[in-house]
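Line order of the protein sequences matches chains A and B. Going by numbering that gives the first Met the number 0, 222 is the number at position 223 of the first sequence; the sequence numbering is gapless. Going by numbering that gives the first Met the number 0, 241 is the number at position 242 of the second sequence; the sequence numbering is gapless.
Just so you know, these hints were derived from the structure itself, not from any lab. Watch out, some of these pointers could steer you wrong.
As the list claims (entries may be wrong) - With a straight-line Cα cutoff of 35 Å, these simulated DSBU-like cross-link-like pairs (lysine-lysine) come out:
no., chain 1, residue 1, chain 2, residue 2
1, B, Lys122, A, Lys273
2, A, Lys144, A, Lys89
3, B, Lys11, B, Lys291
4, B, Lys122, B, Lys262
5, B, Lys291, A, Lys218
6, A, Lys168, A, Lys112
7, B, Lys122, B, Lys200
8, A, Lys38, B, Lys11
9, B, Lys200, A, Lys27
10, B, Lys185, B, Lys122
11, B, Lys15, B, Lys185
12, B, Lys185, A, Lys38
13, B, Lys200, A, Lys68
14, B, Lys262, A, Lys27
15, A, Lys21, B, Lys74
16, A, Lys21, A, Lys218
17, A, Lys144, A, Lys27
18, B, Lys262, A, Lys21
19, B, Lys11, B, Lys22
20, B, Lys11, A, Lys68
21, B, Lys81, A, Lys89
22, A, Lys38, B, Lys262
23, B, Lys22, B, Lys122
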Amino acid sequence: MHNPYLPYPVRLAELRVETEDKNLRTFKFEFLNPGDEEKFAYMPGQFAELSVPGQGEIPIGIASSPTEKGHVLFTVNRVGQVSSYMHNMKEGDIMGIRGPLGHPYPLDKLEGKNLIIIAGGFAVTTLRSTIVWLLQPENRPKYGKITFVYGARNPGLLLYEDQWREWQKRDDIDVYVTIDREAPGWDGKVGFVPAVTKEVCPPPENTAAIICGPPIMIKFTQPVLEEAGFEPENIIMSLENRMKCGLGICGRCNVGPEYVCKDGPVFTLAQLNKLPREY
Amino acid sequence: MAEYIVKESALKDFFKSLTEGRKLLAPVEVDGKLQMAEADPENISINYTNTHMSPKSAFFPQTERLMAFHNDAEKSDPFVYKPLGLDNVDQTVLFGIRPCDARGLVVDNLVFQNNRFTDPYWKTKYESSIKIGLACHNPCPQCFCTSVGGSPFGEEGLDVLAVVKDGGLALKSVTAEGEEFLKGLKGTESGDTSATMDELKKAAEAKMPAAIDQTQVEAREIMDIYNQPHWQETADRCLNCGVCTFVCPTCHCFDIQDETSAKGGVRMRNWDTCMSWLYSMHGTGHNPRPTKTERVRQRFMHKLKYIPMKQNGNCGCIGCGRCVTMCPVNIDIREVARQMNQ
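Just chain A, same shape as in the assembly (with noise of 0.2 Å):
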């Protein structure tokens, strides 16, 4: 029988510090043992349970994406217990990984649609896996437009500059990228997500939202969205609450009667309308 709540060994091949203030680091794991990548069969929006023995677990969203062979990704804020102990690991060391657990972003039923990606702060993870899959030449051709907004307060705190930076050369997808003030050195745009998004947004006619980022930020773009005549079904949202087993059953994460780990993350507006508000 398979068993959910155990992990597969890890090894940290690649720690990368990715903000100014050094709290987010990028884990790129290899799998330690062999056949274990394909049991981890993940697409984007999907989550994992990083796993350290003797310190616990946390839930956090695949940064990587599944067209990325021979690794996963993850970007990780020091917060507590075990993001700060995964914070001083060093490359070469072994932990777990269990999953991948919760539903993908539903891109197979957004094809043939535009789509807008809005993304604030270090939420944005799981876009940077649905962009790179969007990319990809077998995938790129089943959406039409693609415009990506990415806002954080300042150019020290964007992740993934290298890989956005690359996308903004491309004719294939447009790339807004944003901070909260003026910062020197800057060359992109200066405004909130939400401002920068009613500018860029395209026509709602078939084209989808998906929104990630701190609840402040959904909080004002939501509106801007709905103003612009998207219907609550063409917002989609990845939702974060406390965790533990990431299977539905130790409970803590519900949102009503649904469990955030089980039934999400991914959520459209129409479903969270109905729902508390409990997260």
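For chain A, the structure is supplied; the task is to place chain B on it using the hints.
Frame of chain A, contents of chain B only:
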């Protein structure tokens, strides 16, 4: 279906034969309280209202070891986890489960074996066990199984249903596993028990309180119940002590923690309670259920609205009345259910 009688004089032989090849859990006194626990066939009670705690701990222990790890980086498998407790699991037979508690196990089973994942720690214990229920003649003042869709003679979740008759037992099998199991037992003689059971069932059901109307709770949208004004009043009394969640047969929440020693450690799971502020608190300090009001509402909404939505209308409360008995400030789920339905 197989039917048997166990005469009073044959009870000890019957109980003794339950222990052959299986670990017997039955109502016995432990530290002055009647509990569903590993039982000496000599000391099993058949005259009781219900066990102090529910039988869920037979399959979902209050504390359970999930896996072990060592921290010797020199070994070839540093930090690789080894599952615990899944091999050579004791085959158990539970005698004396009350029908309400058996329905509770059915609710739990659909959580531990849900539409996406199977919990192997639950499944290996639950599915290999034989569950013998003991019907209720004399419901306690706090119980209300018939109000939430059950019966003091309910068979759901059981392999065998027994009833006390003339100081002995009348037994009938409910499942094929139960029928097979009864064949091998001592102290039994074949006998027609259906008529007896039907008669006793009617008498017992007549003693039960009227059903709690939940039609409005079922019909209303989540947010309409969520925003009702009565939650604040219930929360004002609640101490968030969590006793209701620990005694509840359908409360299945747990926490996972690592216990370490110099050489390594074990990953454990322990019962947890949604009454605790820490239960839902994010790493950032943000808490989606920051006050008692949200936490109290969560527990009742879960039992009476969310579980029915997820389990084909079946109520998450099975009417055992333990939370009513144990609550230090007399919060009564029957009263809350009525308020939710108003």
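Hints broken by the structure, by number, lowest first?
-> 2, 3, 8, 9, 12, 13 and 20
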